[in-house]
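Following the hints, position chain B against chain A.
Number of protein chains: 2
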Amino acid sequence: MIYFDNSASSYIKPKEVINATIHGITSFSANPGRSGHKLSMLCGEKVFEVREKVKRFINAEKVENVIFTQGCTEALNIAVIGTMQKGGHIILSSNAHNSLSRPIFELKKMGLIDVTVVSPSNNEMLTIDDIIPNVKPNTYLIAVNHVSNVNGDTTDIHQIGEYCAKNCILFLVDCAQSAGHIKIDVQKDHIDMLALAPHKALFALQGIGIFAFSIKTNPKPIKFGGTGTESINTYQPNEYPECLESGTLATPNIISLGAGIDYVSKNFDSITKKVNDLSTYILFELQKIEGVKTYTSVENIHFGVIGFNIKDVDSQEIASILSDEFNICVRGGLHCAGLKHKELGTVNQGIVRASISYFNTFGECEYFVNSIKKIAKRY
Amino acid sequence: MIYFDNSASSYIKPKEVINATIHGITSFSANPGRSGHKLSMLCGEKVFEVREKVKRFINAEKVENVIFTQGCTEALNIAVIGTMQKGGHIILSSNAHNSLSRPIFELKKMGLIDVTVVSPSNNEMLTIDDIIPNVKPNTYLIAVNHVSNVNGDTTDIHQIGEYCAKNCILFLVDCAQSAGHIKIDVQKDHIDMLALAPHKALFALQGIGIFAFSIKTNPKPIKFGGTGTESINTYQPNEYPECLESGTLATPNIISLGAGIDYVSKNFDSITKKVNDLSTYILFELQKIEGVKTYTSVENIHFGVIGFNIKDVDSQEIASILSDEFNICVRGGLHCAGLKHKELGTVNQGIVRASISYFNTFGECEYFVNSIKKIAKRY
Chain A
93 MIYFDNSASS YIKPKEVINA TIHGITSFSA NPGRSGHKLS MLCGEKVFEV
143 REKVKRFINA EKVENVIFTQ GCTEALNIAV IGTMQKGGHI ILSSNAHNSL
193 SRPIFELKKM GLIDVTVVSP SNNEMLTIDD IIPNVKPNTY LIAVNHVSNV
243 NGDTTDIHQI GEYCAKNCIL FLVDCAQSAG HIKIDVQKDH IDMLALAPHK
293 ALFALQGIGI FAFSIKTNPK PIKFGGTGTE SINTYQPNEY PECLESGTLA
343 TPNIISLGAG IDYVSKNFDS ITKKVNDLST YILFELQKIE GVKTYTSVEN
393 IHFGVIGFNI KDVDSQEIAS ILSDEFNICV RGGLHCAGLK HKELGTVNQG
443 IVRASISYFN TFGECEYFVN SIKKIAKRY
Chain B
93 MIYFDNSASS YIKPKEVINA TIHGITSFSA NPGRSGHKLS MLCGEKVFEV
143 REKVKRFINA EKVENVIFTQ GCTEALNIAV IGTMQKGGHI ILSSNAHNSL
193 SRPIFELKKM GLIDVTVVSP SNNEMLTIDD IIPNVKPNTY LIAVNHVSNV
243 NGDTTDIHQI GEYCAKNCIL FLVDCAQSAG HIKIDVQKDH IDMLALAPHK
293 ALFALQGIGI FAFSIKTNPK PIKFGGTGTE SINTYQPNEY PECLESGTLA
343 TPNIISLGAG IDYVSKNFDS ITKKVNDLST YILFELQKIE GVKTYTSVEN
393 IHFGVIGFNI KDVDSQEIAS ILSDEFNICV RGGLHCAGLK HKELGTVNQG
443 IVRASISYFN TFGECEYFVN SIKKIAKRY
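Same order as they appear, the protein sequences are chains A and B.
Start counting the first sequence at 93; every next residue gets the next number (the numbering used here).
Start counting the second sequence at 93; every next residue gets the next number (the numbering used here).
With the rest of the complex left out, here is chain A (with noise of 0.2 Å):
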């Protein structure tokens, strides 16, 4: 079996990271930091080392800022309803998975905010030029997807941060895509709120991810529950993280994420180069078939998402063939991103995306080719 949706999940985990998580299964199992005998200590301390290991790998200000949530999903939405600031206005990239436009558009609904949707006027790029003409006097948060997981649109970060920091407006960056592709730096680009999905290339578990943010900001919690302090206190307890952390850590999710972490850092410049190589040779080759459409800028290749169809034939009719005949594993559909499919024209047809991993080799890209040209010669 070829597996090429690794930006829904990636399915080959390094080793180090079954390693760590058994490890953490059968030896910090124990109820991190809230009992206070020497087991629970040492769960507790376990989560610290990999919050320390997010920060860094984030360069976040402080340690307690960076929160586990059950996904980058959760993160998106303590980010969204935490910051809530009632009759505001939101800017929305068109890049944004619903994670990210759903709970938007829920306070939208509730006559909370306002919200414009911006898309890049290049086609590849989500500038600053697109944001600047949509700003109001009440936009207080700026919310875009770093990279599309739809066909690896990017948006740039860094000069909407700075515009942001200067006009005192909250930058909330998913890098649910991006992050294990690129290096992230919250406090260089200014990025106020931050959400990564590290089952996908941090080569996580499922059931784990992240949001850190920054000194300036101050996100209520959108859960509340036993933290493990201030036990007496009826209400929730207002110190990060544990304001943020109701309930039971997954010290084990949390333990693979570290090892995750630890393997795409030690081997960054090699995942990144064979990504970007095996994915610049499968759009190269798609862009030569008759028939074949893509949707992948080359500037954008280095995510290793590829988006593209053949013809006009429904894009979840192609993923089917090359499932059944084939054995190769991609996405077709609408990939829970409505507004771009908006943008791109493809609400109806959707779009085939073929996602890479430094665990998948030239030989199988090759086939994933050959296959595309057979099945593109039956339309």
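Among the hints, a few may not be true.
Heads up, the list lumps identical chains together, so a pair's fine if it works in one copy or across two of them.
In silico DSBU-like cross-links for lysine-lysine, where the CA-CA straight-line distance does not exceed 35 Å [unchecked claim]:
{"no.": "1", "residue 1": "K130", "residue 2": "K385"}
{"no.": "2", "residue 1": "K178", "residue 2": "K228"}
{"no.": "3", "residue 1": "K147", "residue 2": "K178"}
{"no.": "4", "residue 1": "K308", "residue 2": "K178"}
{"no.": "5", "residue 1": "K385", "residue 2": "K469"}
{"no.": "6", "residue 1": "K434", "residue 2": "K178"}
{"no.": "7", "residue 1": "K130", "residue 2": "K466"}
{"no.": "8", "residue 1": "K258", "residue 2": "K200"}
{"no.": "9", "residue 1": "K385", "residue 2": "K365"}
{"no.": "10", "residue 1": "K130", "residue 2": "K469"}
{"no.": "11", "residue 1": "K201", "residue 2": "K312"}
{"no.": "12", "residue 1": "K130", "residue 2": "K465"}
{"no.": "13", "residue 1": "K469", "residue 2": "K366"}
{"no.": "14", "residue 1": "K380", "residue 2": "K465"}
{"no.": "15", "residue 1": "K130", "residue 2": "K380"}
{"no.": "16", "residue 1": "K434", "residue 2": "K312"}
{"no.": "17", "residue 1": "K365", "residue 2": "K130"}
{"no.": "18", "residue 1": "K465", "residue 2": "K434"}
{"no.": "19", "residue 1": "K434", "residue 2": "K365"}
No wet-lab data here; the hints were simulated from the structure.
Coordinates of chain B only, in the frame set by chain A:
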């Protein structure tokens, strides 16, 4: 090391759970059901199998109304926030963990609901007689903790459930400490909403919880995002389970839960007998030691929770001595359950809690009792 903190998280997992989880990590790490290819479908089927298992385990009406959450805390937050009736009144048991009481008090602080906290008049079991005098015309929810995590105090959920059903009041039961120790039947007990913490007595990994609800209940989501359905819809779809499960599910953790349920179901009589025997032994022996005060009733001992103190010594001091000198892991302090400590008069002292699992031994219990004898002599 002796681990008596199983009410926080069970530390030793059955080998069946560990093996199933490893298989889950290596073979089922694709995105379950969200992509159309065969591996995604296979992961989706695995998730559905466990959903069916949970449905049978608690006798739920509909498999679609069994929701996978990050943990029990998220389940309780969906239950409380997702069914909020503005201007309504909630009755809350004093047994409640902060994961149940804090979301309720947050709603109260926002002026959305009113709440009455009820305590058991007989000091052992909350009954319908404790509830009825507190019911108001606008009472729409009765929220109870099936079993107190502090001392095992329980709740007559059958009586209260019948009353709720007759009076069209929603009935929410937190089964974090009961599932795995006692059979749960949501239909027999008229439970509208149930929350489970599978990493405790169901031996699953942390990072997975269960929220289940009756067909007459329509909880709204507290998080919004990708559901793999209606991708073009700007708003959250209404269909269950997707509506309440935004984001990528934690398939390996879900698989661990399936294996945990299988293990508990197969060994239920043996588990309950052993936990009851070991806990009864500890309780009776502690009661013989001069200066030891126990808070657990013999009627509730089968939940494996034994709360006690030595004279007026800070419970965390005793827990630290047990950890540092005797290598025994118990929890001291307030156990994220302030209401219960107010009721028991132990807000300052806290309570030492030993919590027993199937994987503890009689020898460990004997050593523990002897350790307490030695410590008690010092005060």
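Evaluated hints:
{"no.": "1", "hint": "K130 with K385", "in the structure": "between (59 Å within a copy, 25 Å between copies)"}
{"no.": "2", "hint": "K178 with K228", "in the structure": "both (15 Å within a copy, 33 Å between copies)"}
{"no.": "3", "hint": "K147 with K178", "in the structure": "within (31 Å within a copy, 40 Å between copies)"}
{"no.": "4", "hint": "K308 with K178", "in the structure": "both (19 Å within a copy, 33 Å between copies)"}
{"no.": "5", "hint": "K385 with K469", "in the structure": "within (14 Å within a copy, 81 Å between copies)"}
{"no.": "6", "hint": "K434 with K178", "in the structure": "within (28 Å within a copy, 37 Å between copies)"}
{"no.": "7", "hint": "K130 with K466", "in the structure": "between (61 Å within a copy, 20 Å between copies)"}
{"no.": "8", "hint": "K258 with K200", "in the structure": "within (26 Å within a copy, 38 Å between copies)"}
{"no.": "9", "hint": "K385 with K365", "in the structure": "within (25 Å within a copy, 66 Å between copies)"}
{"no.": "10", "hint": "K130 with K469", "in the structure": "between (65 Å within a copy, 24 Å between copies)"}
{"no.": "11", "hint": "K201 with K312", "in the structure": "both (20 Å within a copy, 14 Å between copies)"}
{"no.": "12", "hint": "K130 with K465", "in the structure": "between (60 Å within a copy, 21 Å between copies)"}
{"no.": "13", "hint": "K469 with K366", "in the structure": "within (30 Å within a copy, 67 Å between copies)"}
{"no.": "14", "hint": "K380 with K465", "in the structure": "within (9 Å within a copy, 81 Å between copies)"}
{"no.": "15", "hint": "K130 with K380", "in the structure": "between (62 Å within a copy, 28 Å between copies)"}
{"no.": "16", "hint": "K434 with K312", "in the structure": "both (32 Å within a copy, 27 Å between copies)"}
{"no.": "17", "hint": "K365 with K130", "in the structure": "between (43 Å within a copy, 29 Å between copies)"}
{"no.": "18", "hint": "K465 with K434", "in the structure": "within (28 Å within a copy, 72 Å between copies)"}
{"no.": "19", "hint": "K434 with K365", "in the structure": "within (32 Å within a copy, 60 Å between copies)"}
Going through the hint list in order, the structure satisfies each hint without exception.
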